[in-house]
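There are 2 protein chains.
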Amino acid sequence: MKQPFALGFDFGTASVRACIIDADTGEAVASAVCPYGSGENGTLYDARQPLLARQSPLDYLASMEKAGAEAVAIFRQAGYQPKQIIGIGVAATASTPIPVTENLQPLAALPRFADNLNAYAWLWKDHTAIEEALQITQIAAQHRPAYLMKCGGSYSSEWFWSKIWHCLRTSPEVFHAAYTWVEQSDFIPAVLAGITHHKQLKRNVCAAGHKAMYAPEWNGLPDKAFLTMLSPELAALRERLYEKAYDYRQTAGILCTPWATKLGLPAGIPIAVGAIDAHVGAIGAGVGKGKLVKIIGTSTCDIMAFPQAEAPNDFAGVAGLVRDSVIPGYIGLEAGQAAVGDLLDWWVRQTLNKDVTYHTVLTQKAAALKPGQSGLLALDWNNGNRNILADQQLTGLLVGQTLATTDYEIYRALIEATAFGARKITELITRQGIQINQIVATGGIGHKNELFMQIYADILGYPVYLVDNPHTVAIGAAIMGVIAAQEVLHPAATIEKLAVRAGKVYKPQPEAQAIYEQLYQLYSQLHESFGRKGHVASLYEIMKALLRIKESTT
Amino acid sequence: MKQPFALGFDFGTASVRACIIDADTGEAVASAVCPYGSGENGTLYDARQPLLARQSPLDYLASMEKAGAEAVAIFRQAGYQPKQIIGIGVAATASTPIPVTENLQPLAALPRFADNLNAYAWLWKDHTAIEEALQITQIAAQHRPAYLMKCGGSYSSEWFWSKIWHCLRTSPEVFHAAYTWVEQSDFIPAVLAGITHHKQLKRNVCAAGHKAMYAPEWNGLPDKAFLTMLSPELAALRERLYEKAYDYRQTAGILCTPWATKLGLPAGIPIAVGAIDAHVGAIGAGVGKGKLVKIIGTSTCDIMAFPQAEAPNDFAGVAGLVRDSVIPGYIGLEAGQAAVGDLLDWWVRQTLNKDVTYHTVLTQKAAALKPGQSGLLALDWNNGNRNILADQQLTGLLVGQTLATTDYEIYRALIEATAFGARKITELITRQGIQINQIVATGGIGHKNELFMQIYADILGYPVYLVDNPHTVAIGAAIMGVIAAQEVLHPAATIEKLAVRAGKVYKPQPEAQAIYEQLYQLYSQLHESFGRKGHVASLYEIMKALLRIKESTT
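If you're matching them up, the sequences are chains A and B in order.
Read in order, the letters of the first sequence correspond to residues 4 to 557 in this note's numbering.
Read in order, the letters of the second sequence correspond to residues 4 to 557 in this note's numbering.
If we strip away everything but chain A, and leave its shape as in the complex, we get (with noise of 0.2 Å):
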């Protein structure tokens, strides 16, 4: 037989990426990126509602056959064959509900329903159900304090069952009209495989996770019980969900001749099932036993794997524990920031009202700072905490300006609050007894701006890899398209064989360690004071410590 490769898809926030690798070297041969066409970005939004984030499923498709299509034509051009492709894997955001009837015909795709936002894929970011959030978290701490061990100790708006919910409150026609709710990571691999009926439809664990509450200790999704307690008409909507969810070594079914033809390729292949993006980048990334992949983009997302002999049952502040949602038969780990690229932004676009290419004039003058030298110290929390504290109620902070602070300071000072939140939680990991060895960066930032990954590594301490390819989804999607149609049981040696190598290290300094300790006590008292309820100090030093520290830099 020849050569073999796979295909993987990541769908993000503005677009979906196809990416070809040889299944046995993991390097990638063809690679193709198409964006949504409607909305801003190609989120839609509603001015009456700034918490409000949707996207077209029909979007989806489309992106899809054009990135896909094109890869494949890459592909040949460079001399392979689309036969010669044996999987294809599947990446998407999370929680990214999706509304559909019996038949997973999306709502939107239906004519009454084009005009309504709610019937459109709640994207990830939507946080429209802050108050349905709450809810759920303070009834579980009620009566499932367990369901809250495994997601941090608070339930998001961001996750499926808050979402839903604020539909039935808020749009009960589209609640009503819909039979059951998908998630984007399953509704594209159902697409793919041709699956018309919900009861063929494969639900992926990644996503069931913590997000819609699913965990073998509890036979899968909330007991009916629990839900009749937020509302009758959820217990209901249970029955019309899953029992069980499945990892990526399943195959979610096999590609159906419709699209084969849109994309191609030959009918037949093999699909994985689906997996939510941040941990599909952490499996093109390499994860593995001790080491710590940090996908950092607008947000961060933290991910590792161990083996379920040596992972703690569940830990607070952590936002998700999943077992087999990484690499199947270990225990997913994922952790976050809510606000990383994002709060840069905030500073270079929102503020300074300047272009994204401002980036790279602060990032130029910032590097010529040595650390502490600016007096300033911030928190990270623009977009709430995410975790450690678990807690959208908080805001950010900057303190130290004198009447010389400039721009490029402060934008300084908002990557090492980042680092210092990153910093957070590696401690936290790590004072559970699981050890990181390493800690390997993908997403955009990390090609983009050499001193954010210094000062990741001086302020964390620990080397930070970076990976060669930024594609890292992609890649990861296509490593689980090899898995599952070599129907690979134990998948890490896998994933170590395929992932993007990571060759560029950042090393920390120790003298800028030396600072950045003295500034992480300081961090961490604002942390605690600002954060946590009944904390009581004194932070009178905190004002006179930055005036000393950026006094000794000079």
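No wet-lab data here; the hints were simulated from the structure.
Note that the coordinates shown come from a computational prediction; the quantities given were computed from them, not determined experimentally.
Take the hints with a grain of salt, since some may be wrong.
[What the hints assert, rightly or not] Derived list of chain A stretches under chain B, where covered just means 3 residues or more per stretch with a C-beta under 8 Å from a C-beta of chain B: (1) 16–27; (2) 281–294; (3) 405–412.
[To be verified] DSBU-like mimics (lysine-lysine), calculated; alpha carbons at most 30 Å apart, straight line: (4) B:Lys536 <-> A:Lys373; (5) B:Lys451 <-> A:Lys357; (6) B:Lys547 <-> A:Lys536; (7) B:Lys247 <-> B:Lys227.
Every residue gets a Cβ at the ideal spot worked out from N, C-alpha and C, and that includes glycine.
Chain A is already provided as a structure; the job is to place chain B on it using the hints.
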């Protein structure tokens, strides 16, 4: 006799203004301004010493000649005669000490010192003497606590002894060449009067006050034993300074022929003893019992005066309490904030990199916001805290940022921060039993920014009056000229009669006041937590409360 007039000079940081007023009505009939010729906006800097700020005494004279002669020309063009001018008054910055020879020749005029900035005038905002100020405060706290009670508990790097001591330490050749040191507000009247020997010089109590630690209670300047603890050479200098300081009811001398010629006036006009600009601005704005005058510019000075019988002897937190300094026979109270216009200018020019016109853009947008709507709260300490805490080692703070926060929301939060800081001062004063009936604003900002004025009224909880003419310092100086020339013994009534009217009033709006009351409580929590050693508290509620208040405004 024909209608009498008086001429006032206002030596500001960048220029000198001359103003001629009607000595019966106070009406300003002629005004002219001339910037200083050297340096950057009249100030000489040294790139190697960022805290240094000096001026050329020769610039003062050249610009005074131009502005004075132009005002007199305008006065003549209006049909009046120079001989109708009965008195001259002078206001200047302080503490701005100038090293001079025994004949009052500035060292800066000597060729051998032309290149030595230490031989120039040490401008009020020169901060090279931070170390000396700290030592003076420490030694006084231990040995002469009474000295500190007049200056808010802390001696400043901006003041007389700090600067001279710093000169002794860093530039002994200048210190030893100087026979004595003269405040700018004493130097100018002496020049106009043609005084050429230091013994004939009358020093003004206003600049002597807390800035040179002068008080009748301890017979003038600090005693020799105390100065010896600083340095024996400072103790020796004491004998070449002065025993007694005078108020502006006294004449410093009469206009000498050379200067009469330069200005186009007859010789012999009485020249009042000088005073410092903030106090003179208060005179021009009609300071009196129950009336707090706020001179709001790059920084803010708060001036009151009250009959001695009603005055507390001294109280912590107020920068100065000086007998006879504002209204002879009264106790003058001086407080202030280190950065007000400077804070807004920092945001616009230093951080946003916009020009001065952007203040107007931000103000217009910020005016459309409701109080509390931004969710932001700031501390106004980018240049330290001059009063209440009297601590230069404090810095700015901003809290409440989200990813949607804009530049104009931050601008408004900075205005509000200065108003909260201003309220700390009015509360300090009223807590001492001193009643404030009216607040009068003068200085540049009030005339340019209605939003600023309204926010002050809403936050301070007093009607805030704006003077009709912005040149209150020059007009106040002219009023001093009237008082000295007419030998007015109790000048309160004269001041009330001649001062600039304040026709425009900004009244507190109850709805805004209610919200600002909540924000002020939060400001106070930050103020105490970051500003007071040993203050222990929980700040967890601050971000929550800001979000609640923000939500309540929509």
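Practice problem: Return the numbers of the hints above that this structure violates; sort them in rising order. | Solution: 1 and 2
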